[in-house]
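K.L.:
Taken in order, these protein sequences are the chains called A and B. Numbered according to our numbering, the first sequence spans residues 73 to 324. Numbered according to our numbering, the second sequence spans residues 62 to 784.
What the hints contain is simulated information worked out from the structure, not anything from laboratory work. Warning: the hint list may mix true and false statements.
[Unchecked claim] Below, simulated DSBU-like cross-link-like pairs (lysine-lysine); rule was C-alpha separation at most 30 angstroms, straight line: (1) Lys624/B <-> Lys660/B; (2) Lys169/B <-> Lys234/B; (3) Lys213/B <-> Lys234/B; (4) Lys249/B <-> Lys234/B; (5) Lys402/B <-> Lys129/A; (6) Lys129/A <-> Lys660/B.
Note that this is a predicted model, so its numbers are computed, not measured.
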Amino acid sequence: MIDVRELSKRFPTPGGGELTAVDSVSFTVNSGDVYGLLGSNGAGKTTTLRMILGLLKPTSGWATIDGYRSDEYPEEVKRRVGLVSANAGLYQYLSPREMLLFFADLYGVPVETAQAEFERLSQLLGLTEFADRACSTLSTGQRQRVNLARALIHSPPVMLLDEPTLGLDVLGTQVITEFIAHLRHTGKAVILCTHHLDEAERICNRFGLMHRGQIVAEGDLAALREQTGCRTLIEMFIKLSVRGAALAGAAG
Amino acid sequence: MDTPGDLSSANDRLLRLGRLILKELREILRDRRTIVTLVLMPLLMYPLLSVAFKQFFVSQLNAVKTTRYRLALDDDTRGHYFRELFRGVGMPVIDAGDDQAAAEYHGKSPLVEMGLQRNLADQLLNYDLHVALKVTAPAEIHADPQRNLALKVELLYREDWGASREAAVYVEKYLAMANEKFLEARLKVLRVSQPAAAIQVVRQPVEGEHSGESGAVSITAIIPFILILMTVTGAVYPAIDLTAGERERGTLEVLVAAPIPRMGVLLAKYVAVLTVALLTATANLLTMTVTVVVGGFGKMLFGETGMSAGGIAAVFALLLLFAAFFSAVLLAVTSTARSFKEAQAYLIPLMLVSLAPGILSLMPDVELSGLLLVTPLANIVLLGRDLLKMEASPFATLIVVASTLLYAGAAIGIAARVFGAESVLYSSQSGWSDLFRRPRVPQTTPTVTAATFCLACMLPAYILLFSLMSTWATDLMQQQIAGVLMTVAVFGGIPALACQMRGVRIAPAFRMPPRPLGVFLSAMILGGTFWVFSYEAVQIMQYLRGASFDDQSLEALREFSGKLKQLPLPLTLCTMALVPAVFEESFFRGYLFPALHTKTTTATTIVVSAIAFGLFHAINPSPLAPERVVSTTLVGLLLGWVRWRTGSTLPGILLHAVNNALVFVPVYFEQQLADLGIGTMHAQHLPVNWIVGGSVCVAIGVVGMIWATHQPPNRTKVASSGA
Numbered sequence: 073m074i075d076v077r078e079l080s081k082r083f084p085t086p087g088g089g090e091l092t093a094v095d096s097v098s099f100t101v102n103s104g105d106v107y108g109l110l111g112s113n114g115a116g117k118t119t120t121l122r123m124i125l126g127l128l129k130p131t132s133g134w135a136t137i138d139g140y141r142s143d144e145y146p147e148e149v150k151r152r153v154g155l156v157s158a159n160a161g162l163y164q165y166l167s168p169r170e171m172l173l174f175f176a177d178l179y180g181v182p183v184e185t186a187q188a189e190f191e192r193l194s195q196l197l198g199l200t201e202f203a204d205r206a207c208s209t210l211s212t213g214q215r216q217r218v219n220l221a222r223a224l225i226h227s228p229p230v231m232l233l234d235e236p237t238l239g240l241d242v243l244g245t246q247v248i249t250e251f252i253a254h255l256r257h258t259g260k261a262v263i264l265c266t267h268h269l270d271e272a273e274r275i276c277n278r279f280g281l282m283h284r285g286q287i288v289a290e291g292d293l294a295a296l297r298e299q300t301g302c303r304t305l306i307e308m309f310i311k312l313s314v315r316g317a318a319l320a321g322a323a324g
Numbered sequence: 062m063d064t065p066g067d068l069s070s071a072n073d074r075l076l077r078l079g080r081l082i083l084k085e086l087r088e089i090l091r092d093r094r095t096i097v098t099l100v101l102m103p104l105l106m107y108p109l110l111s112v113a114f115k116q117f118f119v120s121q122l123n124a125v126k127t128t129r130y131r132l133a134l135d136d137d138t139r140g141h142y143f144r145e146l147f148r149g150v151g152m153p154v155i156d157a158g159d160d161q162a163a164a165e166y167h168g169k170s171p172l173v174e175m176g177l178q179r180n181l182a183d184q185l186l187n188y189d190l191h192v193a194l195k196v197t198a199p200a201e202i203h204a205d206p207q208r209n210l211a212l213k214v215e216l217l218y219r220e221d222w223g224a225s226r227e228a229a230v231y232v233e234k235y236l237a238m239a240n241e242k243f244l245e246a247r248l249k250v251l252r253v254s255q256p257a258a259a260i261q262v263v264r265q266p267v268e269g270e271h272s273g274e275s276g277a278v279s280i281t282a283i284i285p286f287i288l289i290l291m292t293v294t295g296a297v298y299p300a301i302d303l304t305a306g307e308r309e310r311g312t313l314e315v316l317v318a319a320p321i322p323r324m325g326v327l328l329a330k331y332v333a334v335l336t337v338a339l340l341t342a343t344a345n346l347l348t349m350t351v352t353v354v355v356g357g358f359g360k361m362l363f364g365e366t367g368m369s370a371g372g373i374a375a376v377f378a379l380l381l382l383f384a385a386f387f388s389a390v391l392l393a394v395t396s397t398a399r400s401f402k403e404a405q406a407y408l409i410p411l412m413l414v415s416l417a418p419g420i421l422s423l424m425p426d427v428e429l430s431g432l433l434l435v436t437p438l439a440n441i442v443l444l445g446r447d448l449l450k451m452e453a454s455p456f457a458t459l460i461v462v463a464s465t466l467l468y469a470g471a472a473i474g475i476a477a478r479v480f481g482a483e484s485v486l487y488s489s490q491s492g493w494s495d496l497f498r499r500p501r502v503p504q505t506t507p508t509v510t511a512a513t514f515c516l517a518c519m520l521p522a523y524i525l526l527f528s529l530m531s532t533w534a535t536d537l538m539q540q541q542i543a544g545v546l547m548t549v550a551v552f553g554g555i556p557a558l559a560c561q562m563r564g565v566r567i568a569p570a571f572r573m574p575p576r577p578l579g580v581f582l583s584a585m586i587l588g589g590t591f592w593v594f595s596y597e598a599v600q601i602m603q604y605l606r607g608a609s610f611d612d613q614s615l616e617a618l619r620e621f622s623g624k625l626k627q628l629p630l631p632l633t634l635c636t637m638a639l640v641p642a643v644f645e646e647s648f649f650r651g652y653l654f655p656a657l658h659t660k661t662t663t664a665t666t667i668v669v670s671a672i673a674f675g676l677f678h679a680i681n682p683s684p685l686a687p688e689r690v691v692s693t694t695l696v697g698l699l700l701g702w703v704r705w706r707t708g709s710t711l712p713g714i715l716l717h718a719v720n721n722a723l724v725f726v727p728v729y730f731e732q733q734l735a736d737l738g739i740g741t742m743h744a745q746h747l748p749v750n751w752i753v754g755g756s757v758c759v760a761i762g763v764v765g766m767i768w769a770t771h772q773p774p775n776r777t778k779v780a781s782s783g784a
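Please model the entire structure based on the sequences and the hints provided.
P.N.:
Here it is as structure tokens:
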């Protein structure tokens with residue numbers, strides 16, 4: 073479903089030089105996979121997601137969703153993707169119902185289907201009690217649930233989740249995490265970027281560890297353990313920050 | 062697999078765009094800050110302003126009462142007579158310059174200072190006099206009621222100067238009293254009941270060269286200035302909120318992640334900002350109109366005619382035009398900001414820069430001419446002032462509208478480039494200066510944005526240089542040289558600079574694929590005969606406009622051709638035919654044409670480039686400007702068609718040069734043509750056989766061109782590159 077090949081992104085810097093944010097990244101995510109794209113801040117995770125979605129143009133390489141290259145058919149790609157990011161906001165003067173139906177319309181979902189989907193998501197994510205209140209009055213947890221519903225309103229086969237639980241309390245995090253696990257069972261291809269490594273370990277079935285724009289270790293948890301010599305993702309993460317790209321050869 | 066909805070239908074896309082606009086409006090109109098700007102501001106501001114105005118006028122009136130009216134005659138004897146006449150009916154009169162008498166006067170009525178001046182009209186124009194009396198039917202001046210008087214007097218004053226108008230009314234009142242007194246006495250003497258003639262007064266306004274007021278600011282210009290300020294105020298908040306505000310709140314990323322083109326998102330935001338700006342303008346215009354009507358300021362602000370519905374409608378159209386321009390500017394600026402505060406920081410200098418020409422336009426006696434015609438905001442304020450006073454000229458209106466539309470187009474182009482650009486949206490790694498970085502790969506075709514931007518720079522440059530040329534070049538030779546320099550700088554320099562900045566190669570526009578001689582032959586035939594249509598277009602337009610060459614225009618034309626004949630013919634051909642042909646074609650068909658062709662159909666490209674060509678030829682503020690637009694647009698259509706058929710600018714240059722040459726060459730052979738019975742100075746329709754002959758030749762040229770290019774190079778859109 074998601075195919076990323078040799079994807080690179082270099083940004084010009086004020087001095088006339090270049091900064092490599094993503095460097096030859098390759099991986100695939102199939103339907104029913106939850107792929108954990110993990111790494112420290114500035115590792116290139118968000119830039120990778122933006123290139124996959126067609127928001128940023130790759131300097132080299134390409135990414136496809138359902139066979140469509142994001143740099144050539146961004147609209148076809150966007151139709152198939154739901155994006156949730158930590159800093160995604162809501163329209164403060166619209167209610168969750170108005171906002172979700174508006175986004176459904178942008179994605180070309182017929183009104184009746186959109187309303188039925190809204191009701192279904194409201195039940196699943198517990199939006200009913202505040203569905204008609206202005207978004208500016210919602211709590212952080214409620215906002216993030218609305219955001220998740222907004223990303224799902226057009227029933228996309230691919231979900232890109234960038235720190236979806238950032239800033240949420242334990243209960244809020246629990247709701248979102250359970251829902252991501254639910255997405256896996258509905259056959260969606262999900263890429264999850266998170267710093268909650270314990271949760272990632274629980275809900276992701278494959279991982280890519282990023283460091284300075286490169287994927288330094290990739291595979292399921294067993295493969296990562298073999299590659300890094302570490303037992304948990306937290307250990308791997310700490311080791312990664314110390315040894316960087318040499319992490320993959322740590323087991324040897 | 063889930064299957065998201067199909068977005069392929071163009072109609073659906075349009076409807077979706079409409080709903081996107083509605084969403085933007087719903088979001089912005091639910092914000093109470095918008096409501097404050099939209100409703101409360103005008104409701105509070107205009108009544109307050111009306112109070113301020115009233116105070117201002119009352120203070121002005123008081124000031125006038127405590128000062129003296131200066132009245133003069135041009136004859137000492139008559140001056141003495143009128144002084145006594147006025148004193149006889151109780152007018153407080155002193156001799157001019159008698160400060161002691163003035164200081165001793167403590168009455169409530171205005172004090173009239175009477176003196177002797179030789180040139181009364183000039184003194185009035187220089188504000189040295191408020192009012193003057195001129196005896197037009199001299200009679201024996203006397204105060205004897207035994208005899209008739211029959212003195213005819215003109216009361217000279219300035220209609221455009223409030224104090225002068227007041228003085229005229231004041232003096233007229235005392236003259237009427239004097240009249241009545243004389244009549245009464247004469248009737249008593251004659252013991253007759255029939256009326257007798259004494260002094261017949263005719264009010265005679267003296268038209269100043271400028272129609273401005275004598276005060277510190279032009280009161281009439283304040284109205285459009287305030288309306289424009291309020292329109293700007295209305296647009297600022299939505300522009301910030303829908304761009305930088307959305308980015309700060311994190312809603313912009315999810316919006317651009319939806320499957321709608323970024324241009325569609327921008328367009329929706331643009332329409333939303335424009336709508337709020339227009340709603341603000343409407344609210345302000347309505348409140349202002351009600352305030353003026355209720356407060357009775359109509360005549361005070363707009364002269365004798367007061368405020369007309371036509372004037373208000375025209376001002377609203379002007380506000381729409383301005384809002385279209387400024388909304389795009391605001392979006393271009395606020396799109397570069399990462400937060401609400403940053404956007405505000407960018408807008409403050411913009412507003413200050415914008416206000417400067419607006420404030421300049423408030424100065425009295427400022428005319429809408431020269432560079433002010435193309436100075437953003439100032440031109441709108443001045444045109445608004447002239448529209449409200451029903452004094453706007455069609456030429457000035459045309460230039461202001463055309464230049465503002467161009468600026469709006471350029472601003473929208475920049476906004477489209479800025480909005481949603483990587484370097485602006487995800488700016489942690491790069492700055493928005495990247496937007497202006499030269500592309501690494503050389504481009505063969507300029508963009509529509511670059512072409513619009515060029516046009517927006519060229520128009521003021523052309524007008525500025527035209528004004529400079531008019532003052533600097535005194536004789537025809539200097540004018541020829543200046544004209545060449547201006548043409549090269551505007552039509553060559555600016556596009557060349559744009560090409561340099563954007564890495565666009567110029568050569569492809571001029572590349573000529575192997576073509577038979579027929580192309581050039583046809584171009585020559587067309588250039589040599591198409592003037593028949595241009596000439597008749599001028600005549601028809603004059604007929605439709607109800608205008609014609611007057612004697613003065615014909616005399617000016619004769620004078621010009623007389624001077625032209627003194628210059629060598631090759632020089633005239635070079636400066637007035639060849640140079641304009643090369644440089645105007647290089648821009649309109651070499652640069653603008655391919656840029657437009659990348660985004661529009663061939664027909665649209667030809668029409669738009671021809672209209673731009675026509676408008677530039679109307680900049681010369683001659684009485685023939687509207688006719689010139691039509692005739693040169695016709696030539697532009699032909700040149701555009703030739704450019705498309707041939708894929709090159711060169712045949713157009715030849716056609717253009719021949720067409721231009723035929724305007725001037727006959728002047729050199731006036732006598733020989735006259736011997737053949739052909740006049741060169743008659744402003745009448747051509748003989749029918751000329752029109753028929755010309756039409757046949759044009760048809761031959763068109764057919765020849767089609768035949769010579771029957772397999773035009775790259776008839777698809779790529780043809781625009783001239784390849």
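K.L.:
All hints, please: hold or fail.
P.N.:
Okay, the hints, checked on the actual structure:
| no. | hint | result |
| --- | --- | --- |
| 1 | Lys624/B <-> Lys660/B | 46 angstroms, violated |
| 2 | Lys169/B <-> Lys234/B | 16 angstroms, holds |
| 3 | Lys213/B <-> Lys234/B | 16 angstroms, holds |
| 4 | Lys249/B <-> Lys234/B | 23 angstroms, holds |
| 5 | Lys402/B <-> Lys129/A | 29 angstroms, holds |
| 6 | Lys129/A <-> Lys660/B | 22 angstroms, holds |
The earlier numbered hint that this structure contradicts is number 1, and it is the only one.
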